[in-house]
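Undergrad: Here the protein sequences line up with chains A and V, keeping their order.
Take 1 as the starting number for the first sequence in the working numbering and just add one per residue.
Take 1 as the starting number for the second sequence in the working numbering and just add one per residue.
Keep in mind that the hints were calculated from the coordinates and are not lab data.
Treat the hints with caution; some may be incorrect.
[Stated by the list, open to error] One-sided and incomplete, this derived list gives chain A residues near chain V with beta-carbon spacing under 7 Å:
(1) MET1
(2) ALA14
(3) VAL15
(4) ASP75
(5) ASN103
Idealized CB from N, CA, C, for every residue including glycine.
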Amino acid sequence: METLHVVSPEGLEAVKHMDAAPRLDSLEGKTIGEIWNGVFKGDVTFPIIRALLKEKYPGIRIIPYTEFPHAPGTDNPARQRELAREIAARVREKGCHAVISGNGA
Amino acid sequence: MPPAHVVLEADSVEQLLSRAYEHAYENGWTDGLPIIPATAAGVQEFVAASGRAREEIIGILPPRKGEATVEVIAVNAIMAGCRPEYMPVILAAIEGLSDPNFSLELMQVTTNPMCPLLVINGPVRKRLDINSGIGCLGPGWRANATIGRAVRLILNNVGGALPGVYSKSSFSSPLRYSYVCGENEEDNPWTPLHVERGFKYEESTVTVFRAANYHNISGGEGQGADEIIRHIASQMPPMFGAGDGAMLMLGVNHARSLYEGGLTKRDIQERLWKFARLPVSYFAESFVEMERHAGRCDGKTVWRCSSPDEFHVLVCGGPGPQDVYIGAGMPQTRTIREA
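Kindly produce the complete structure, drawing on both the sequences and the hints.
TA: Set out below in structure tokens:
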């Protein structure tokens, strides 16, 4: 029998794993924020998503993407981090229970 | 803590090698191609060749936040088929990719097929037989093929950019297997890239770019410096994913023609900036608006770059009326610290 001891190429992780926040049971009566990075037609898709959600959950409150920073061309990592902090602060300020952070067409 | 080991068994050496490949593939450790299995002895040899401590962390790679230690980088380099003496190049590349200004996380998870492009300068090119001349971006040279492959395996295995899992690249790209070449400094009549970026001529460096494509400009159209640059610029359309930059790898023939025509590199940058523009009527209105916001539109034309500085002009490859345009930006240059 031939044997070979091989080494894993993955290495360790520098972070501790955390559980995701509990999911919302329903969107009824909840406040939802729209987060857009300014590309891939979010200005077209968000109004459609908004209308469909309001139809399904009449008590939902939606804060449109225009209420959050949504500048395009955020290739600059330092600016990205700054934007993430600004968005998180605005989400808290608006009392959002959840946000839609990715969509496109 | 040393990396995890696993013991593989088979009835023959031939079966064992096949088993090692299958094991790596089943665990998502490969790019799909066969690998050289990394053993403890091999890792030790590669770490020694790096001249660095095995536990030294070169970077924390997103999205997994994996620790790219010298030892783990050695494992991936072995698997990719590298020679031990390639280690300093790979370490320098990972240092550059880990720079907080490089935007590696976006590259790792986006639907865009952007990928690292490594340009190597200095004497290390000769010592390691890194091709910078004829065929420099194609198959046939071990250093070019395996250094880039090692970087890809590190990004996948340590960074966790597993295709279809964390990497959401819609099409991905063949350039993600390996995208590496040296600059042809010997046939470059101007200043090479690393000197332009503040390093000494005799230093060896790797510069990592965020690259979005590969486009060969063929045919040598145009008479004289002005027409040559016009023809090249006509094939540089605006695009997503290139980190705001554009690279022109001039072939040696055109480099000589432009130099003899009296052009400096700055002249070439300025002319590309001026000529690489298309009418706004060619584009969707929303794209025009985005480019206006980014400083690449004057209301009449959309520009490839917002300033001449964003054009990176290199000399690479062998003889022939060919040049290469690569959407490439966000350069980070690091010294290759040979052991």
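Undergrad: Are the hints correct? Go through all of them and say.
TA: Against the structure, the hints:
{"no.": "1", "hint": "MET1", "verdict": "6 Å, holds"}
{"no.": "2", "hint": "ALA14", "verdict": "5 Å, holds"}
{"no.": "3", "hint": "VAL15", "verdict": "4 Å, holds"}
{"no.": "4", "hint": "ASP75", "verdict": "6 Å, holds"}
{"no.": "5", "hint": "ASN103", "verdict": "12 Å, violated"}
This entry does not satisfy hint 5, going by the numbered hints stated previously; all others are met.
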